[in-house]
Every structure is written in structure tokens, then in C-alpha cells.
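Line by line, the protein sequences are chains A and B.
The first sequence: position 266 = 315 (the numbering used here), numbered continuously.
The second sequence: position 152 = 201 (the numbering used here), numbered continuously.
Bear in mind the hints are in silico, worked out from the structure with no lab data behind them.
Warning: the hint list may mix true and false statements.
Ranges of calculated distance between the beta carbons of each label pair, as one might list FRET restraints [said to hold, decoys possible]: (1) B:Tyr410 to A:Gly550: 41 to 47 Å; (2) B:Val630 to A:Val384: 40 to 46 Å; (3) A:Asn753 to B:Gln378: 47 to 53 Å; (4) A:Ala614 to B:Gly694: 57 to 63 Å; (5) A:Gly607 to B:Gly415: 42 to 48 Å.
Where a beta carbon is used, it is the ideal one built from N, C-alpha and C, also for glycine.
As a plain string of letters, each chain reads:
There are 2 protein chains.
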Amino acid sequence: MDQLIYAVPAVGVLSLLFAFWKASWVSKQEAGTDEMKEIGRRIQEGAMAFLAREYKVLAIFVVVVAGLLAAANMSGDTQSPLIAVAFILGAIASGLAGYFGMKVATNANVRTTHAAKTGLSPALQVAFSGGAVMGMSVVGLAILGLGGLYILFSGMFSGDNALLTTLNVMTGFSMGASSIALFARVGGGIYTKAADVGADLVGKVEAGLPEDDPRNPAVIADNVGDNVGDVAGMGADLFESFVGAIIGAMVLSLGFAAVKDGDLNPVILPLLIAAAGTVCSMIGTFAVKTKEGGNPQHALDTGAFGAAGVMALVTFGLAKWLWPVAGTQVGSGPVVLWWHVGAATVIGLAVGVAIGLITSYYCSMGKGPVDSIAEQSKTGTATNIIAGLGVGMQSTALPIVMICVGVVAADAVAGLYGVAIAALGMLSTTGIQLAVDAYGPIADNAGGIAEMSHQEEVVRERTDKLDAVGNTTAAIGKGFAIGSAAMTALALFAAFMQQSGIAVIDVSSPLVMAGLFIGGMMPFLFSSMAMKAVGAAAMEMIEEVRRQFREIDGLLEGTAAPDTAKCVDISTSAALKKMMVPGGMAIVTPVVVGFCFGPEALGGVLAGVLVSGVLMAIFMSNAGGAWDNAKKTFESGDGFKFEDGSMGSKGSDAHAASVVGDTVGDPFKDTAGPSLNILVKLMTVVALVIAPLIASDVFTPFLNF
Amino acid sequence: MDQLIYAVPAVGVLSLLFAFWKASWVSKQEAGTDEMKEIGRRIQEGAMAFLAREYKVLAIFVVVVAGLLAAANMSGDTQSPLIAVAFILGAIASGLAGYFGMKVATNANVRTTHAAKTGLSPALQVAFSGGAVMGMSVVGLAILGLGGLYILFSGMFSGDNALLTTLNVMTGFSMGASSIALFARVGGGIYTKAADVGADLVGKVEAGLPEDDPRNPAVIADNVGDNVGDVAGMGADLFESFVGAIIGAMVLSLGFAAVKDGDLNPVILPLLIAAAGTVCSMIGTFAVKTKEGGNPQHALDTGAFGAAGVMALVTFGLAKWLWPVAGTQVGSGPVVLWWHVGAATVIGLAVGVAIGLITSYYCSMGKGPVDSIAEQSKTGTATNIIAGLGVGMQSTALPIVMICVGVVAADAVAGLYGVAIAALGMLSTTGIQLAVDAYGPIADNAGGIAEMSHQEEVVRERTDKLDAVGNTTAAIGKGFAIGSAAMTALALFAAFMQQSGIAVIDVSSPLVMAGLFIGGMMPFLFSSMAMKAVGAAAMEMIEEVRRQFREIDGLLEGTAAPDTAKCVDISTSAALKKMMVPGGMAIVTPVVVGFCFGPEALGGVLAGVLVSGVLMAIFMSNAGGAWDNAKKTFESGDGFKFEDGSMGSKGSDAHAASVVGDTVGDPFKDTAGPSLNILVKLMTVVALVIAPLIASDVFTPFLNF
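Just chain A, with the same shape it has in the complex (with noise of 0.2 Å):
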């Protein structure tokens, strides 16, 4: 029955077609005036350029890691060099991702607009069908790596070691993956803050022009932004969450391994279920559509949320085919039966429903937090930040309650595989979420576009509708991102632990308190450095806008042209300049902290990170997303009724102020917030990379306490 991971790979390939199929269909679709093809391609332009420019950076330091993984590996009866091929391929697919993802999102944005001039059901269909088409790019990637690779590596070793030689070759994959990943999240971050805050500061705030104006230098770098942010960004990050919910999962059966009794080797079912939610994925897209008229948002969650419950009728399924009938146990563990692992993937399902139902209500318009904070406006700028910090901080609460119950449920049902399977299943329909994710940008970008068309007041209606909605769709796709980032973040862990040979960490242990404390400080400093970054970039770009106005003759009375490539160019440069000392200290910790002081240190350290960085997370993400409706209540409608009965609406002093807050929260929920669970599996996965090398029976530490 082993053969069944052969269909791995085929689903692999199979979703890539389908997401090829998508993207020619939106590439025969009409891109409209010429002035809209022009602007379309300047923002793609911008958007590739970047995206070039950014993987030359990172192609040096895939190969310089590349090189160090080669020569660590080099001996030793569970590793191998290899693990620096995988290392490139799983960098080279995270790469491959976002670039599918980029290119489709730019070619479906001006789609997009042209096709709301005929209706709202036509520009859906481009704008999901863009989304899709990146969605099912990234999880074909994903599994079609990780299925080639086992097979590869594992009809390559030989010995008792195979199974465990060929899993720690395949963490290569998950690191380039997420390396990757955080360079994009954090330099897409940049970028597009910068822009965003170049155009509305100066541009809309203190040249009065309105929002997209062609007239704009840094409006370009914006929808640039955009795309280099929220889409490509997006697409590496959860490529990483899916290869690293897989791998997590994989190496917690290698205990199952070892009790196959003739049935499935349990290690290929973590593939196995990837692939089964990558097939309801693509089921699901067919899902949706809607009437002219119809409600997009439902069409979105009947797609996304169907996918979700049949993957779960699945899961039982293939436990109930696969698994051992007798049920299997590793160690001393709990023994686990069929449908165990899909009640664990249940566990993980309704965690991931329960943190995004909470997300959504603590940023939602119309909602307690989110009026709290507009209330709060009333009295100023002061009130208004301190409130959005207050709701920030607040909304980690329960979040983490649902992560602590998910933990245990899962453990209790089957140990630390249970709390593996959860995330998996969480992710394992990854390729419509994502697909639902990414329309948003699309569906932004193309009424970015009709405004600078000069397109008639109904497209931009349409594509505002659009945009408007998807959001509840996307909040419980960030629950469970966070989720699923903490429960693979503990596998992995586990994972570790596992592969470096130490049993318990101890926190009451002084080193493994100091590695608790050191991590616990790196999601504040990370986030620092990545706001640090954004202000500065963001300084910079003001200064060439307001030098454009000041010097270009004609450009606010529209007969001259602003020269917007600078203005990409300074996003850019700043972004990939800024990008690497974050990123890189990411790497270097787990590194140095594990051959200096070693693992039960490192498992500190990495504990501490966990714990931390999904807290900052949420506080950031939610803060950030608040603030922005919290400007969001005064500008739609009549405006926000205050408890005293009084009106706040646009242009009010409580409306100002909500802006500075929106502005606050930008850092937080586009750059930092989103950055810090890559960060945490990032940090562990390079620390199950080095695990075997700095296992307790064949190292001793640099620094011996």
C-alpha cells in the first residue's frame, strides 16, 4: 500500500496544471483601455523588478547556508549533504510561489477592473480566479516537493537509518522554505508600508489629492506594495506553514515507524492528507460564484468553508483505510486508533474556526473593541493609541485559551502526533484559504486601477464591494495561520527534541531559563528592528515626494508626469537593504546558542520564542486591525454615534485622530505582526536542521556550564 505515495506527487503536479489552466484563463481575459494596460504594467513592473532584485540578494545567501549545511552533514549515520539540495528546493519553490502568485495577481488586477464594467459576477471570477491560481500554486509546490523528495531520498538510503536519514534531509526543504518566507514577509512589509505611508502622508494628506491619484509619484509603489507585500509575502508564508505542518507531522510518526505491521508506513500519511486537502481545495474553487446581485462573501465561504468540512469526512476516511486496525503506539505513549487522527483534525478545525471567529470579533466594525477604541477618539490621538493597545493586548487572551485546549485535546487524544495531525489539518485546505486570501489584494489593486483610469463610479463601486468583503473569510484564515503556526511551532519542537537526543527540557534549569528569557526578548526585538526599518523607509520616501512636488512643474495640475520608478526603486532598495539583519539573526540564534551552549539551552531558547512571538502576534495582527476599522466606522456611513448621542464622522476630530491609529497599527499588522510566526517555526526548524550535529552524545558544548 505504500505505492499510494506515488499519488503525492501526481496531486502535486495535477494542482499545478489546474493553477496553470487558471492562469491562462485570466491571461485570455480583456485588460481594457490603454491606459489601463499602461498603469497595469507599470504595477507589474514594479512588482517583478522587485522580486528579481530580491531573489538575486537571497540567492547568495541560499548558497553560502547551502554550503555550511553541505559541510555540517557531511558524516554522521543519520545525515547527509543532500540536505543542501533539498535546502535550494525548498528555497527555489517558496521563490517559485510567490513569483507564480505575483505574476497572475498583476496580470488578474487590471482584468479585474476592466471585467466590473460589466458586472460584479464577471469581476469575481477574475479576481478568484487570480487568488486560486496562487493558492494552488503553493500547495502544489509544497506537496509535489515533499512527495519527491521522500521518494527519492528514501529508496536512496539504506539501513535502519533510512527513514530517519531521508526525514532530516527533508527539514532542508522546510528551512529554505522558510527562510524565504521571512525575507519576503519582512522585506514585502517594508515595502509596501513605505509606500503606503509616502502616498497617503504626503500625496493625500498634505497635497489633498485623493486616494490612487494618477498625479501621486508614490502611488505606483504602493499598488506595487500591495502585491509585493500581501501577495507574494503571503503566498512564501504559507508555503511555509504547509511544509512545515507536513514535515512536523512526518517526523512524529517516525516513532509510529517502527510498528508498521504490513499496513501503511504511518510517516507517508501526513503526505497523504496534504494531497486529499489539496484535491477538496481545487473541488472547492468551483464552489465559487455568484449571481449578479448575490453576496460574494457567501459565495467565497460556501468554497472555503466546504473544503474544510469535506476535508475533514476525509480524514477520517483515510485513517480508517490506512491505519493500523489494532491501533499503534510509539513508546510508552497512548495507543493510537483510526479515528483518533481525524478527531485531532477536528480539534485542530474547530480551534482554528474558534481563533478566527475571535479575531474577526475583536476587529470587526460594529463590534465592542473596535467601538471602544472609536469611542475612546472622542477625547484625542492619546486615548484613541492607548485604547488600540488596550483591545491589542486583550484579544490575546482567548486565542491563547483555544491554543492551550487545542494542545491538550489533541495530546490527549494521540500525544504529540494528535497536536501534528491538528495543525495539518488546520492547513490541509491551505489552497482555497489562500486562494480567498490573495483575492483581496486583487480585488484592492483593480479599484486602485479604475481610479487612476478615470473609470465611471460604478467599476470602482464594484470593485469595492469586492474588496469589502472576504474579510471574515480571511480572519479565520489568520486564525488559523496563528494556529496552526503555534501547534506546528510545539511539533516541531517536539521534533527536536527528539532528533538531538534530550529528553526533558527543564525550565527551572538556569541555562534553559536564560534560553527562555533570550527567546521570549527576540519577537520585541525583531519587531523593533522591523518598524525601525518601516519608519525610516518610510521617512525617506516622503522626502522624494514632497521633492517631486516641489520640483516637477505641472505635476499637481496634471501636465506632467511624476516619476514613479524612484519611488519604487527607494521601496525597494530600503526593503532588501533593511530586510537582512532581522531576517538574518533568525538563522544565526538557534545556530550559535545550540554549539555554545547547547540543546537543552536552545529548547529554552525556542520555547521561549514560541510563547512570546505567537503573543506578539496576535497583539500586533490585532491592534493593527482594530485601529484600521476603528478609522474604518467614521469614514463609512453617517459616521460612529458616541455614547453621548453625538455624531463622529469624516473630517471630524475623532476621525483624525483614528487615522493616527490606523497609521500605528500599519507597522504592526502589515510588517511585524505577520513576520513573527515565520519567525518562530523558522527558529525551530533551523534548530531541528542542527539537531543531529549538536545531539548530546556526540557534542559538547562550546561553553560548558
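For this one, chain A is given, so just place chain B on it according to the hints.
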């Protein structure tokens, strides 16, 4: 040689007599004109009324908890219901420390104003003497209480477990002190910030009154708040720290007690170190003298650092004299020699000073971090806020590294006992350190009284000068507080494991990991509650002050008096109402987790709250301090010179942005931040108190996974 223990309460009595002598001296000073006396009287009345109401509320809490403690400890080999008595005494001593300090501070403020008419030197004498009363009362009560209880109980209990029972009972004293401290800090923090915001936002900004103008209805509440928050809150805080550090070191000495060889029982060494530090502090106060025209900063530094330096030598001397010559060890731990004890003290002092200097760097005018916030104020409020948050997050890195170095070094020297001694070393000169800290709000109040009673310009100048100094010394004190909190909590944590009979707390266990997440989340939830409470109370105050300006005829013209009592009442009620939930949460959480999930899960919670609490405390305190001084940068001298060469002065847009930053920072640095250190220790002490009840050999958790 065990008779030496009687020296401990004797020094405590001496210290209280010293405080009494200083207090009488202050009372005998001239209080100035009738107007000054009247203002001083109103501040004192408001402050005392708050304390009276606060203690009435807390009395109920203390009685209930004491009853529960007695009931829970009725049986058991190492327990005694007398723990309830120790708990009540700890609570009363903490309350007394706050009461004495507040009484003399509100006596000293008006007398400092009067003395400032004569010169700087007499004003320094009065203000510092007031602070010294506070400092010496706190340490006097602590060692009198702990020394007395030790003598009493070690004589009362007999048999093999006598010493263990004595220490278990004494943890009740620490818990009493910590719980009152948390309520006092949170309540005081809410009080002072609500009054501050009300006085500033309406009085200064809306009505255009100068600082401390007598027509401002909230101005008395504001001055009361300085005493309630900074004096009483701080006194309870340091009382708690001092007691916790001593108890932590005593419990960790238990292992040594078994090998006592006719020499001193090592368990009482921590008490002797604390007593010696108290004597050094008393001597240090005599060094605080300045000539007219001299620098008061220099006088304060001489006293504080002189005392700490002498204390380091004294510790070596004490250890040399009393420690077993051949050294001694706990189990298979390191053999601890006499000079190891001294070395651990020096490590503690060095770490404290280093953290203090780092804190001071991040929060001082003219240094990089504060300047960067000032610079970013140029582009508006949003960039000022982002910069401040970034500085706060970044400032966690080095102090955390120092704490880790300290923990690992102290552990290398003398195991966990060394960590506890290092923490105690930092705090041994709490007496004079607290005198310097409490001197600040007295000088601040003196300035307010000078303003309200229309003194000559020179008087205000002198009090401002007094107020401005002592900042570096206070920053070092803050460093000691943070470093010692982390180390004391770690020592108490080790003590908890010892008493609950668990050998390791393995973070890879899902239950422990869940505990780590829950513990890590608590400082976020706690901070959000504190900040929300300030926000709500401030809103109420703002509306009351606006109402008075609107409804009291002649108030702005100075012909009618404001209803200051009403503002005092608003702050008082809000503080008392809003302190209950966050304070209660800190006590209930360890109890619920311990009884439901067992000691390992509780250990996870403690580790989580320790790491995240210390990080958030540093982040919030330093961000607040940096914002404050960024604002002051614009206000002092010619203002701030931007990078482009232009100047930002008082009244500029950049200054306005920095005022918002300062307001955001207020609840950070004065309410949430300083409470977190206590939260961490209180939760650990509660865990230590219930440790014998949930020990794995006597108890099965209700929810057993």
C-alpha cells in the same frame, strides 16, 4: 552562633527608631504660610482618605484569604494554620509601610517648599529626610517581621520538619506583602494617572491654565496621586521585593541546613545580609548632604552607591565569618565556599547597575533613543508613537541579556542559591535606594505647592532643580527592581519546585506548554485591564473638570473655589473599583491551575508569566520614560535640533506630537509597567504557598490528563 538571629529584629527596631527620629525632625520644620499649610493639608487629607478607604477594602480581602489559608493548612507534616497569621502580619506591615511613608511625605512636601525659600541645601535635607523615613520604615518592618516570625516559629515547631514548617509559614508573610503591593500599585497607578490626565487635558490644554494652578479642580487630586502612586505604591512594591528576596534565599538555603556543622545555620544568613544592608543604608543617609550651589545629584549618588559598595564588602565579611570553612553543598550541587556567597552578591550588584545604566541610556534626554523619538515627532504623532514603541521593544534586549548573564553566572558560582543571593544582594540596600526614589515625588509635590501658593520664582526654580536630579539614581534603582524581580522570581520558582516535590518542569509536555502560554498571556491581559481602567477613570475625571468650569461661576477668574474634593473622590472610587479584578486574577490563577492541572502545569504558568512579565515591564516602563523625555527635549532650553538643522521648540507641531506620546506612555510607565514585577512575584509566591497542598505525593489534580 545562632543567637545572631536576635540581631535581625533588633536592627529592624533600630531602623524604625531611626525613621521615627527623622520623621519628628521633619514635623518640627516650619510649614510656611497659612495658604501653604492649607494646600498641604488638603493633599494630606486626600491621600490619607484614599489609604483609609483602600485599606478598608483590602481588610475584607485579607480576612477572607487568611481564613482560606488557615483552613487549607490545618493538617500536613510541614504545614500549620499559623500561615494565616503570617499572611495577615505581612499585609499589615505592607500597609504600615505605605502609611508611614505617605504620612511623612505629605508632611515633608510643604516643608520642603518652605525650606526652598532659604536655599537648596535645606530643601534637599527636608525632602531627602522624608524619603529616608519611607525607606527605613520599609526595611525596618520587613526584617522586624521576618526575623520575629523566624524566632517565634522556629521555637514553636519541633521535630524533623521544624525548619521546613517555619519557612512554609513564613511564605505567608511574603504573600501578604505581595498581594497588598499589587493592589497598592495598581490602585495607586490608576488614581494618579486619572487625576493627571484630567488636570492636564482639561485644565492645561482646554482651559489654558498653567501647571498646578489652584483654579484647576483636579490639581489637588493630581498632587494626591503623586503620593498615592509614587510613594505608597512604591513603598509597598519595594517592601514586597525585599521580603520576597529574603524568603527566596532562605527557602533555597534549606538544603544546606542539613549539613550544618556546628557553625551558623545557613538559613538565617539571608536575614543577616538584609540586616547588614539596613545598617549600611542608615549610614548612607548621613552622606546625603550638599553645600549651597552644590549638585544634589552628587549627594544622592554618594549615599546610594556608597552604601551598596560597603555592603558588597560586608557580605564577603559576613560570609567569611559565618560560612562553614570547608564549604557546603545541596545534594549533588556545587560545593559553596564563603567567597562564593560574596561573589554572587557582587554579580547581583553588577547586573543591577548594568540594567540601570541601560535603562538610563534608553530613557535619557540627549541620548540616541530619545533623540530618535524627538526626530520622528517631526512627521507627526503617528511616527512619534511608532518610534516610542520601537524604542521600548528594542530596550528589552540588553537588560534581558544582562539578567541571563547574571542568572548563569550566579548559578555557576553557587547554584540556584547563588541566584537567590544575587537577587538579595541587589536589594540589600533597599533602605537608601527607596529613600532616593521617594525623595522624587516629595520634591515634585513641593514644586506644586510653591506654584499653588504663589511663591517667588526662585522657590520654584529650587524645587525644580531638586526634582530634576536623582533621575540616574532612580534609574539604577529601577534596574535593581527589574533584575531582582527576575532573579527573585526564579529563586521562588525553584523553591516552589522543591516544596511541591517535582523534579523537572518539562516544557515539551503539552500541559506545561499550555501553562507557559497561559502564563505568558497574563501580563498582556493584566496590562490591558490596567490601561482600560486608567482610560475609563480619566474620562470620568475629564467630564467632572469640564462640568466644574462650566457650572461654577467665577472659577476661571479666581473668585470661586473649585470642588477639589469631588475630583479626589472620583480618582479614589475608580482606583478601588478597578484594582480588584486584575489583582484578584493574579491570586486566583495559580490556585485554579494548581488544583485543576497539578504542579507541573502551574510551573509552566509561572515560567510563562516570569518571562513575559519581565519583558513587558521593561518594554512599557522604558517606552513611557523615553516618550516623557522626548517631550521634555522640546521643552528644555532652545528645544530639539532636527537632523536637517531646523529647531523644534515648545509649542511646535513636533512638540504637540510628543505630548501625545507622553500621554500614551503615562499608563505604560506609571500603571501597568511597575505592576508587572509584582504580578510575577505574587503569582510565584501564591504558588509557593499552595505548593505543599498540591504536591504530587499528596494530591491528584481534578483534571488529570
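Checked hints:
1. Taking the beta carbon of each, Tyr410 of chain B and Gly550 of chain A are about 42 Å apart, inside 41 to 47 Å as hinted.
2. Distance hint check for Val630 of chain B and Val384 of chain A: the Cβ-Cβ separation is about 44 Å, which falls inside the suggested range of 40 to 46 Å.
3. In this structure the hint that Asn753 of chain A and Gln378 of chain B lie 47 to 53 Å apart at CB is violated, the actual value being about 20 Å.
4. Distance hint check for Ala614 of chain A and Gly694 of chain B: the Cβ-Cβ separation is about 30 Å, which falls outside the suggested range of 57 to 63 Å.
5. With their beta carbons about 47 Å apart, Gly607 of chain A and Gly415 of chain B fall inside the hinted range of 42 to 48 Å.
Hints 3, 4, counting from the list given before, are not met by this structure.
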